[in-house]
Amino acid sequence: MSELKPWLKLIFGRSGRLFIGALLMLAALLSGLGLLALSGWFITETALVGILLAASVPATINLYVPGGGIRFFAVSRTVSRYVERLYNHDTVLRLLTDIRVDLFHRLAAAGRGQRRELTGAQWLSRLTSDVDALDTLYLRLIAPASLAAFVTLVLFALAAVLFDIRIATGVVLMLGVAFVLATLAVYVRTVKIASRQSDQQEALRMAVVEHLEGFAELTAAGRTGKHGAWLMRQAHQAVSEQVKADSRTGWHLAGSNLLINLSAVFALWAGFELFRSGAISGPVLVLLPIALLGLAEVYSMLPEAFGKLGATQASAARLNRDCRNAEWPVASGDISLPADTALIAKDMKIKYPEHAPLFTHFDLQVKTGERLGILGHSGSGKSSLADVFSGLLIPSNGACASLPCAYLTQKTVLFEDTLRANLLLGDPDASDARLWRVLELVDLAERFRTEEDQLDTWLGSSGSRLSGGEARRVALARVLMSPASLLILDEPFTGVDTATREKITRQMDPWLEGKTVISLAHGPDALPGTDRVIQLGV
Amino acid sequence: MTRPALDQRAVRRWLSGLTRDNRHWIQGTVAAGTLAGVATIIQMVFLARIVHLGIIEKAPASELAPLFTGLVLAIVARAVAQGVQTQLAARCSEQVRRTARRQIHQHWRNLGPLALGQISAGSLAREWIDHVDALHGYFARFLPQMALSLVVPVLILALVFYLDWLAGIFLLLSAPLIPLFMALVGMGAEKLNQQHFETISRLSGQFLDKVRGLTTLQLFGQTASATEVIQQRSDHYRRITLKTLRVAFLSSAVLEFFASVAIAVIAIYIGFGLLGYIAYGPSPDLTLFSGLLILLLAPEFFQPLRTLSQHYHDRAAALGAGAEILARLGSAGQEAAPANTGAEDAEVEPLTFKPAACLDAIELTSVSLAFRPDHKVLNSVSLAIGKGDVIALTGPSGGGKSTLLNLLAGFLAPDSGDIHLFGRPAGSFAFGWLGQSGFLVHGTWADNLRLTSPDASDVAIEAALRNVGLGALLDSREDGIFSKLSEDGQGLSGGQARRLSLARIFVADYDVILLDEPTAGLDSDSEIHVLEALHKLALAGKTLIFSTHHQALLALANRVLLVSGGEVRDV
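Which chain is which? The protein sequence lines are S and U, in order. This note's numbering applies: residue 376 is where the first sequence begins, and numbers increase by one. This note's numbering applies: residue 9 is where the second sequence begins, and numbers increase by one.
Just so you know, these hints were derived from the structure itself, not from any lab. Virtual Cβ for every residue (Gly too), placed ideally from N, Cα, C. Hints may be right or wrong, so weigh each one.
As the list claims (entries may be wrong) - Cross-link-like lysine-lysine pairs, in silico, DSS-like; alpha carbons within 30 Å at most: (1) LYS492(U) <-> LYS544(U); (2) LYS251(U) <-> LYS384(S); (3) LYS742(S) <-> LYS878(S); (4) LYS492(U) <-> LYS726(S); (5) LYS384(U) <-> LYS395(U); (6) LYS492(U) <-> LYS601(S); (7) LYS384(S) <-> LYS567(S); (8) LYS492(U) <-> LYS567(S); (9) LYS567(S) <-> LYS380(S); (10) LYS721(S) <-> LYS786(S); (11) LYS786(S) <-> LYS742(S); (12) LYS619(S) <-> LYS380(S).
As the list claims (entries may be wrong) - Here are some chain S residues pointing at chain U (derived, C-beta under 8 Å): (13) ILE426; (14) ILE445; (15) ASP465; (16) HIS480; (17) ARG481; (18) GLY551; (19) VAL552; (20) GLU592; (21) ALA596; (22) THR599; (23) GLY603; (24) SER622; (25) ASN632; (26) THR784; (27) GLN785.
In isolation and in its complexed conformation, chain S is listed as follows (with noise of 0.2 Å):
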């Protein structure tokens, strides 16, 4: 359980919240019970007095109260239960905000090396099933758990008042059996079973993309029946284990139910004798059990739920795991930047765990306003390289230490939004004059004045399409337009064509004045100006 720890921490930082939303839902289920139970008292009542009546014998009967209570219930049962629906959806809807912006932080607090390298598909599967299974934490398990286990007290108490001690502790047994059946024994028999679930899922998706990745050679060899086989066995194989996880909640559910309904026939049959006794009127004899009935409705929630915590755990151990609050190593070593030095490195070995050192005493010192090229094939741990000087990779041995850089990795990223707002990332005070003429530098001003909604384009899947070296371009135009002295371009010219590339080349050179440039390519013709060119791996 402590994988839930954090989330529960996350989720009861809105305890206001939480607990009017649970009395709603208590304002709900009570009006339900009521309804039912004042009927019963009320039906049972009146023909007692009717048979009075019919004897001639006089009798009298208030019917207003119950009449008025009946109809009281009756119409709060359906307001509360609308209105609670909307409240707590409302706050789960506030917690998944509260989640998410935790996640965020989170990872925004932990290094690249300490990022888990997901692919989209994972991330897409922690952000959207993982989060809705804490999300909904509250509202599907917490909330009807206490509801349930409170409401089978207010039961005991009204039997204690209304039958005797006796018959009320006969009936909160056999509740609380009930209780426990529908929670915590639905989670030990499922728990195994919903915990393996997402693995087995994982493990199947990946088998189905091998499947289809080697579809010809498989094809060619005439195996893709036979391999499609295998791969539908498996895939039945996980659907199994779910059947046998729900046909154990639906018993469960079944079982609790059973005792539910024991109880009131336990209440009934116990009531008989307090009725014979003259302790109890008939009515009251009546009302007991149909409340006790009602009970179902609550605990028919629980099973599922807890069937599905085991699900919810293994989800939290995920993003515990995929986001946690890293430590950033400690650098083995400091190192102060001497004056006139935009970048020094002293020694550095980078190695990444389980792998080869790609760099063993390293050395490098960059004079302010130098223009230097860094030329190797890939492979040769170019990237980690610029990751290091740019602070993103810690050496595990040596240091590096740089002026603050502005750094155009290897990768391209833009953002789904628009190119305003991905050029501002590198200079969130940029007037749009600056914008243009940087976009001028890369030589995208003129697509993009032929647009319609110009800097306020929209880029990304939904938006405008960008080709490779358009969108190369772009990312390149925001480091540009970033103030810091030193830049770092890794490959900055991917995907761009050689008359693009030189007069590229040609404009940046004023632009740059005064900084200091890194740039790392596969070849020279890929670097734009240079001082001084060095050659890795040689």
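Following the hints, position chain U against chain S.
Okay, now just chain U, sitting in the frame of chain S:
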């Protein structure tokens, strides 16, 4: 987004098609549900009877005991029927999902590798796994409940009419409203569901975008402002969603209201009837038994409908998922008609074919293929390739080299003309294929090779891996061919993966081997190994056909064909 109605109808047709094959499971579920409903009715009859006898007639405990036994039995029967219902429902969904998965997989095979390669494997996998799973609630919950919400209320109504027709009329008055409820609930739920999914997916899309670009945000020091944006947008969507919810929840509130009011009206009517205040109709005959029974049955009359409204989102989810699956199943029908569409794997194909052509040559006779009407990729190409030949296909990109290879593989069918490989139609027997990207599965080296050659010996597997230059890598692994392919999280490089595929070809001992640009994009190390391996295959007398621009590969061939402008000719 609103889907066109026609589309929805097609989806419903497809869903009911799945139902047809698994009808008995659904019928079983409904039968168990009906049984539970009947047991509930019997339980209430016993309950009302006991109360009546005990309170009005002051019956002694001994007289009530058998009734109590009956009551307990009814309750137990109800619980058992409930349990069986969920079990059958789960089974039903299991069967339906199996059928759907089989259908989709069969469709993939009909499409063939070429067309399938155009679609992202991720989205195909999502359809096969997640979309099919989304059908669960519809078949396990919604569909049976739909029948139950008709059957059980009718049973209750009949009994109430028998007891007191006036009370029956109260219930019946709400009965014509039931279809109205359903429509209301349906519209509400549909809208709610749609809104919910759209909001969630839009929000998660934006959130995902920010998470993916987090490093960039960090580099520009903009994480704080991004957090603010996430917060604002989330909150904005919450407000919009609530506006819709206010209306959507009204429909179920109406249902709730009618149910509550019906119970209240019946309770008050029965009370007044029992007091003798109503002299009209059946009221004077009311007893505590009939009165209490009607009251106890009234909530059960509405319960199936309330349950149905809770399951309504299952229907919307299934329709959504079904629409996407159907779009995929439908899109394909017209496009591809590859030769290799047999339901059975090629290796089990009977060998009783009629030799249509020369048995020791690959022959193309007037083969034409056009992807666009005005542009023929291959124009009446006739060609004969001898057994054991090593053929290099060269020519400009887009000239038709890959198309020709795909035709020979049977992944594509020509518009006209005949293709026979050693007398057999293309794709009707097992052959070697090496695409641009190698393919590997999670597991051991041996698993990977036995994918295509299940009967290969350990020795043969090791030999094949050494033949493609993976021997050194294999030696570095503790368990040899039984070690996992990707240990310590280190996978294979692209070149190593392609060599692994080549090793499969070595193990299998195919007569014909087709290779699409076997050296393109390889590092020099892998390139040398691939060249050597192909040389060995050529020496072993295999017929090799590959597309290439690579000088060393062109030198390896004993015949070079230029594929260009719809023609194929010797160089």
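Evaluation of the provided hints:
| no. | hint | result |
| --- | --- | --- |
| 1 | LYS492(U) <-> LYS544(U) | holds, 27 Å |
| 2 | LYS251(U) <-> LYS384(S) | holds, 29 Å |
| 3 | LYS742(S) <-> LYS878(S) | holds, 26 Å |
| 4 | LYS492(U) <-> LYS726(S) | holds, 24 Å |
| 5 | LYS384(U) <-> LYS395(U) | holds, 28 Å |
| 6 | LYS492(U) <-> LYS601(S) | holds, 22 Å |
| 7 | LYS384(S) <-> LYS567(S) | holds, 25 Å |
| 8 | LYS492(U) <-> LYS567(S) | holds, 26 Å |
| 9 | LYS567(S) <-> LYS380(S) | holds, 20 Å |
| 10 | LYS721(S) <-> LYS786(S) | holds, 27 Å |
| 11 | LYS786(S) <-> LYS742(S) | holds, 27 Å |
| 12 | LYS619(S) <-> LYS380(S) | holds, 29 Å |
| 13 | ILE426 | holds, 7 Å |
| 14 | ILE445 | holds, 5 Å |
| 15 | ASP465 | holds, 6 Å |
| 16 | HIS480 | holds, 7 Å |
| 17 | ARG481 | violated, 11 Å |
| 18 | GLY551 | violated, 18 Å |
| 19 | VAL552 | violated, 14 Å |
| 20 | GLU592 | holds, 5 Å |
| 21 | ALA596 | holds, 4 Å |
| 22 | THR599 | holds, 6 Å |
| 23 | GLY603 | holds, 5 Å |
| 24 | SER622 | holds, 4 Å |
| 25 | ASN632 | holds, 6 Å |
| 26 | THR784 | holds, 7 Å |
| 27 | GLN785 | violated, 11 Å |
Checked against the numbered hints above, the structure breaks hints 17, 18, 19 and 27 and satisfies the rest.
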